[in-house]
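Undergrad: Based on these hints, arrange chain B on the given structure of chain A.
There are 2 protein chains.
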Amino acid sequence: MKKFNLLAEPEKQEIIITHIYDAPRELVWKTYTDPKLRPQWWGPENVETTVEKMDVRTGGEYRVTQHTPNGIEVTFHGVYHEILASERIVQTEEFEGMPGHVVLEIIIFEDFEGKTKVTDTSITPSVEDRDLIISTGMEEGVIESDKRFNKLLKELQKKS
Amino acid sequence: MKKFNLLAEPEKQEIIITHIYDAPRELVWKTYTDPKLRPQWWGPENVETTVEKMDVRTGGEYRVTQHTPNGIEVTFHGVYHEILASERIVQTEEFEGMPGHVVLEIIIFEDFEGKTKVTDTSITPSVEDRDLIISTGMEEGVIESDKRFNKLLKELQKKS
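Protein chains in written order, with our numbering: chain A, 1 to 160; chain B, 161 to 320.
It is worth saying that the hints were derived from the structure and are not from the lab.
Predicted, not measured: the structure shown is a model, and the values here were computed from it.
Be aware that a few hints might be false.
[As the list claims (entries may be wrong)] Calculated pairs, DSS-like style, for lysine-lysine (alpha carbon to alpha carbon, straight line, at most 27 Å): (1) A:LYS117 x A:LYS158; (2) A:LYS12 x B:LYS172; (3) B:LYS163 x B:LYS311; (4) A:LYS53 x B:LYS190; (5) B:LYS190 x B:LYS314; (6) A:LYS36 x A:LYS53.
[As the list claims (entries may be wrong)] Simulated restraints on C-beta separations: (7) A:GLU128 x B:GLY220: 27 to 37 Å; (8) B:GLY260 x A:LEU7: 13 to 23 Å; (9) B:HIS227 x A:LYS2: 41 to 51 Å; (10) B:LYS318 x A:THR119: 48 to 58 Å; (11) A:MET54 x B:PRO229: 41 to 51 Å; (12) A:VAL56 x B:GLU300: 31 to 41 Å; (13) A:LEU37 x B:LEU166: 38 to 48 Å; (14) A:GLU48 x B:GLU169: 39 to 49 Å; (15) A:SER126 x B:LEU166: 10 to 20 Å; (16) A:GLY114 x B:LEU312: 53 to 63 Å; (17) B:SER320 x A:VAL56: 41 to 51 Å; (18) A:LYS147 x B:LEU292: 34 to 44 Å; (19) A:GLU128 x B:GLU247: 20 to 30 Å; (20) B:GLU300 x A:LYS3: 18 to 28 Å.
Quick reminder that beta carbons are idealized off the backbone N, C-alpha and C, glycines included.
In isolation and in its complexed conformation, chain A is listed as follows (with noise of 0.2 Å):
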């Protein structure tokens, strides 16, 4: 199996993206849902990215707004449908530069084959809005972020 895989099948409302990490499933979840680490592997390298609030837990809230060299600002909200402990995150997402286009989207954490794996499922309102997100560059981005979740593991882990 791939360490990173991204799925948009033609005329469906969803993208489907999967991780395979080389760590715990505790230290993958602690690493996802922590403020503290979230700046230090979302987006790309040359981005900053400022979390205004992450009150991870079943009702709470979040905004992350991610600040480009060019001095661009992207910002996400949403809520947290359900949070289930090192297992499973429901939460919408709307990208307030696409305001309305509310994503539904569901992040199961599994033990893979001594691994950890975390499928990250987007439910967008319509095909189009599947297609408009991932044309504005998304798997760039989220390669960018596997591979820097990936080596803040491997500190983490050196650390522990």
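TA: Same frame as chain A, now just chain B:
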């Protein structure tokens, strides 16, 4: 235009329900979002509805239970991603009898030829989930609610 319509196209992950109500938009909004009024119109008449939580604001949560005459409890819960008074609700919805199958629901309130049009779009995690929801007799429930909602609107308009 019909007063009520349910659209679920083959192979799509969505259900689109439209209602036309002969009442001002603000009254339709109030009737829809008032926790005290919810038991008076939601679901069939022989079902008793208990609103355990209904915090109608962005980031708020809700949990509502229907008690059927034969003692079955049907509970729904979710979070409000966005509440824009008299205009839009974006929320998640999970039927606790089908845990994990979370729906993204977008409800738009618009003026329409002197009446109010409410468009309620449910986006499901899969086509299978969508079809399962429809197979539970959803349409009958929505038709019953629509009748009771219209009746309640008339009563509220007489009072005011």
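Undergrad: Regarding GLU300 of chain B and LYS3 of chain A, is the given constraint of 18 to 28 Å on their beta-carbon distance met?
TA: violated (48 Å)
Undergrad: Are SER126 of chain A and LEU166 of chain B spaced within 10 to 20 Å by their CB atoms?
TA: Because 18 Å falls inside the window, the suggested range holds.
Undergrad: Between the beta carbons of LYS147 of chain A and LEU292 of chain B, is the distance compatible with 34 to 44 Å?
TA: Between LYS147 of chain A and LEU292 of chain B, where Cβ atoms are some 38 Å apart, the hint holds.
Undergrad: Given a hinted range of 31 to 41 Å, is it respected by the beta-carbon distance of VAL56 of chain A and GLU300 of chain B?
TA: holds (39 Å)
Undergrad: Regarding MET54 of chain A and PRO229 of chain B, is the given constraint of 41 to 51 Å on their beta-carbon distance met?
TA: Hint holds: Cβ distance 45 Å, inside 41 to 51 Å.
Undergrad: Is 48 to 58 Å a correct range for the gap between the Cβ atoms of LYS318 of chain B and THR119 of chain A?
TA: holds (53 Å)
Undergrad: Evaluate the given range 20 to 30 Å for the C-beta pair formed by GLU128 of chain A and GLU247 of chain B.
TA: holds (22 Å)
Undergrad: Given the hint that LYS36 of chain A pairs with LYS53 of chain A, does the C-alpha gap stay at or below 27 Å?
TA: The given pair, whose Cα atoms are some 11 Å apart, holds under the 27 Å limit.
Undergrad: LYS117 of chain A and LYS158 of chain A were given as a pair; does the straight-line alpha-carbon distance stay at or below 27 Å?
TA: holds (21 Å)
Undergrad: Range hint 27 to 37 Å: satisfied by the CB atoms of GLU128 of chain A and GLY220 of chain B?
TA: holds (29 Å)
Undergrad: Given the hinted pair LYS12 of chain A and LYS172 of chain B, is their Cα-Cα distance within 27 Å?
TA: Given pair LYS12 of chain A, LYS172 of chain B holds - Cα atoms ~8 Å apart, limit 27 Å.
Undergrad: Given the hint of 41 to 51 Å, is the C-beta distance from SER320 of chain B to VAL56 of chain A inside that range or not?
TA: With Cβ atoms ~44 Å apart, the hint holds.
When the structure is compared with the earlier hints, violations turn up for hints 4 and 20 and for no others.
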